[in-house]
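Chemist: Residue numbers (our numbering), protein chains in the order written: chain L, 139 to 741; chain S, 169 to 770.
For lysine-lysine, the following BS3-like pairs were computed, each having C-alpha atoms within a straight-line distance of at most 27 Å:
hint, chain 1, residue 1, chain 2, residue 2
1, L, K540, S, K380
2, L, K283, L, K258
3, S, K503, S, K715
4, S, K654, L, K368
5, S, K380, L, K670
6, S, K712, L, K377
7, S, K690, S, K505
8, S, K184, S, K751
9, L, K511, L, K540
10, L, K511, S, K395
11, L, K368, S, K505
12, S, K430, S, K177
13, L, K514, S, K380
14, S, K713, L, K368
15, S, K503, L, K368
16, L, K514, S, K654
17, S, K712, L, K368
18, L, K237, L, K317
19, S, K380, L, K511
20, L, K540, S, K505
21, S, K478, L, K377
22, L, K514, S, K395
23, L, K540, S, K693
24, L, K377, S, K481
25, S, K715, L, K368
26, S, K654, S, K712
27, L, K237, L, K283
28, L, K514, L, K670
29, S, K473, S, K715
30, S, K503, L, K377
31, L, K368, S, K481
32, S, K654, L, K377
33, L, K514, L, K498
34, S, K715, L, K377
35, S, K654, L, K511
36, L, K540, S, K503
37, L, K377, S, K713
Since the hints were made in silico from the structure, they are not lab data.
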Amino acid sequence: MVLTKGCYKMTLSLLNEQRTIDIFNRVLGKKDLVTNLSYIETLQHKMKNSNHAEFYVPVLGIQGTGKSSFLNALLMDDLILPVDADETTCVPVEIRYGKNCSSFIINFDDKAPVSITNAKDLEQYIHNTYNPGNEKKVSFIQVFKDHPLLQNGVVFVDLPGVGSLTASNIETTLKYIEKLSAAIFMLRTVPPITRLEASFIKSVWSKLSKAWFIQNQWNEESLSEIEDGKEHNIHVLEKIRDANQTNDSISVRVINVYEALNGQLHNNDQMKVNSGLTDFVQFLQSATSSWSEMLKDEIVQLQDQAYKDVIDVLQNEIRLYEKGPEEHYEQLRIEEEKLNDVIDKNNRVLRSIEDLLTIKQSEVHHQIRNEVKRGKENLRADMQLIVKSNVVDGEGLTRAFKECQQDVSTTIVDVFVNSLINLKIDLEQLSNQLQIRSPNGSFSSFEDFSKTSSFKFEKALPNVLSLGGGLGAAALLGFLVSNPAGWMTAGILVVGGLFGSFLGSKTKQVTQETRQRNTLTQLDQPIGDFAKKLEQSLLKQVDDFVSSVRKGAQEVKKEQDALQEAEYDKQRAIRFVEIEEYNKQLLQLQDDLTYIQSLEGIK
Amino acid sequence: MNLQHSMEKIKPIISKVGSEEIQSTFNLLKERIDYPESFVTLLGETSSGKSSLVNGLLGQPVLHVSSKPTTGTVVELYEYDVETNITPYALLKNAKLRRLSPEAFLQETIQPSEDVMRVRLNIPKMPHGLQGMRLFDTPGYGSIHKEHEEVLKEFIPNSDVIIYVVNYRVGIGENDAEFLQFIERFLEDDINFFLVINRAPSHVIANDVRIKEIVNLAQNLLHSDIKYFIVPSIYGDGIKLPKANDLWSAVRDEVQSDQRKKHVGEVLKGYQIQLLQQACIPLQKQLTLMKISDEEIALLQQTIKELSEKKVKANALINQTFERLNRQVPQLFNKAKENMDNFITDEIMESNKWTSSQECVGLIQAHLLPRQERIQRESITDFLEVELNQLNRQLEELVNEAIIDFQTKIESIGSQFDSIVGNITKHVLQKTTDGALKTFLSTYGGRGGAGAGVANLAKKSLKKVGEVFGKKFSRNTHNGLASFLKRIGATSTRNITIAVSIIIEGVFYVIEANIWQGRLIKEVKKGTNQWVQNTSSFVIEDLKKLKQINYENMNDYFDSFINIINTEDYNPESEVQINELEKHISEIEALILDIKNGCVVV
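Isolated chain L (complex conformation) (with noise of 0.2 Å):
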């Protein structure tokens, strides 16, 4: 990394002069209580970690969208990333640069990692079929290749579709949600968006509104079909971004994957260009070596705005110790009464905030009660007539069942996210009426402060704001229509066990209805542990949202007590300060904003 020259020298002396840090220390004041640094750690580390910042791009999209296949047109020579028909990716890969392309790392859960050499050996831990449900418990793998693209430190990640997630591996998928800088999201023209793509990228909308969003074409769609179809999808992505209430823009881009991925395996450039990879190329390229120069620029106005914080703050104080002590300590009163002002208000929105989590809180909790008492009831219905029809047991019983209670689900997620998000959004709408203090002594509202500042430095700003709850909803969301390990089987296990072969003909009708009234019965107690099991892990999530915001709300109030408490020390000091001291004091501010501006590079 190289910074301009001013700047450099600016961010030496920042690293190395004690005396620049010691000010900085003093005038800016303690540690943040998010990030629990100092406003100099905090430049600190960011100056370090961008030497060695990772770009990570994951791939996401549902089943059989053509992620890998993507992957493998984008980035290498050969199929090196498993491809099917069906869902075959269950673990998440990670691509980075490497000169050394043939070797392949496998990452463990609960052992050291393993470095293999065959590139033939990587679907014993991919693929679903060799590795069904990621039983072998691989938390990622790790892929290098020499490709451009990858330089500047961008990492592709494949990652398994929404809707395979086995619970094993959802955790490891939300982290590269959490942390990805930007992401490739593959839908395709038919079927359009579906249900639950819908409530995924609701969900978490917060975290892909940096999404590019590729629709994959297939051979046999016509120019027409694949228009209308984008046209569709950017429709719905419209809607949902208005759910989130948020102005991100959207575009979707087709993309050929199949031609892309021959064009790439025989080296044909026409094909990669008719295929529209080529073009997505370009843009990658500009978009991620535009990534580290901004990068680069947000360390340089994270200086200067800690450089302009710190002059503010001294000549403000400056100005004030020129007062005298007496005219000094009422000015200071003055702005204590300010800042008490501003505090209550803040506390009435901390009401609000709580009133809200109350009410909304046993809202939703109703609300789910609801939905799962329908879902339920559906489920019921729709076993009764199954059985009816003489699926009485056997494989076939076991299958219907754990469909009908995916679909279930998935209706009443979908409500879950819904209301969760709404939940986030009025949140959102009150947290911003909180007044937060800048260093130099001014209020604003959290909204402005968010608005105007091109970037947002983390110490003002209390944790309420960030609201976790779109990606625990994801977490969920893909639990739930994920291969059902746990609670969903168990169920069909009893039923499943319970019964013979089928009975079939005429002269045993009698028997044949008693039958069906045994498997009714015998379902029973399945669908009631599903449902009940769907509602607590769905209550669970919302009570976890909500304490984490109270938790959050308490932070905020924590933050306000102690600006209150050293808005008293200060005043108290310059009350009993005796003149001598004061003297010196001014003196000693006089001085170091002196040697502050004398400092290079300042603007």
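Got chain L sorted already, so can you dock chain S onto it with the hints?
Modeler: Below, chain S alone, put in the same frame as chain L:
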């Protein structure tokens, strides 16, 4: 002031306006107020015994009953005290009535002629104190497709009470289940649901296992506790007239409940207000024209021209969207069929060739095909929902912008337009918010007249009238859209059931282990093919209608403003004085206020 009383006051005001259209609307409304009605619909599978129940109600075998499916059309029981005997009519598609001989009546019930919409029995007096009840006996779900359509579209959403009849021995089958699921979506719109378990052995009581099973399943499907009635079988060969006294009293209590009466009263009151506002418009037009100068008219015409341009734009938008949908819908359906076929073929091929033919067929019939249908259909209805909502949003923006612009410009021409613009806005808002008064009244016809459809007053509620004043345009097509999507759902499910029966028939006798799979796949494809054809053509057909409705609403809206000063209404020779007009208008306004503030006495 009660409703009749208000009508008396409205009468002279309306006749003074001298508009034929407004006068006829008034007459229809008056009739509705003088003769309150309720709508009760009998539904249920073929041969569940609906017609017997009707005979039981009337105490004589008016409807033909046999063990074979008998009713091929909707039969309406209509109370008409002018006649002394039960008299059958055919209600024709051209909205006329044709008196039927007993033979013709039988013939029309079983196999209606081309021009017949439904059959009506005029009943001098409804038994069980069921005054004003219009009862509709519908053909079984298992019969003709076309009738099924009308039942879904007209009868279910507009009923006060639905009586669903299930045969005790048959229980709730798949057809019933679908039907009930469809009904469930309407239940919250205050439709009452009664389940009748018909032809129960005489010893059967409420805690009979079968009764419990039937009621449980119905409750699971409807997601609510339901009232149910057990009607015992009548043994022997004679004429069967089941007495379902409990049922009919319950129906009476429901349709004549104070709550329902009050609701209907509120709705009618809303219509009275709307009628008066409508009557005001021509007067205001005339008044405005008398007051403004030629220059102002010229300015106005320029503004109207600009508005007309926006109308063209709105129409183009509608056209464009529907054209695209017409392209996409068949593609989506074809893809859906392909997905279904592939999925089920895989399933069949994977099952054990030697042992699982029976189970495989059962699973396809009861689970795999219906589920696939649902998944594929939902993706199509979701698609349509997004697209049509998008259109709605765009139109809303366009119209609001156009109208605000229009109003601002009009205001700058002169203040004499204020009241007329205000009134037109109000009028149009009501029309778009809750269905037009005129359409409402003319669709379901007057007493003794040949109504073309049914409509429940309560459904055409105008309770929101108060809220829309002063608000800008917001097209309430949402309900239209919702019912459009519901109907696609019902139709598609219905079609897959037909497909399933085709499959079952096709493979029933094939037990040879080596060929059943191939045969089954072939039959499935045949079935899904039929599904895709019927459903897709239904959707396309409905899209056409929806497009038409969109055009009409949109143009109606624009035209109300474009015709703001329609010189045809203006008679310069008229001797009416300005002050007379003003007096008339303020009379109407005072009456509106009066009615609005008065509470409804039923």
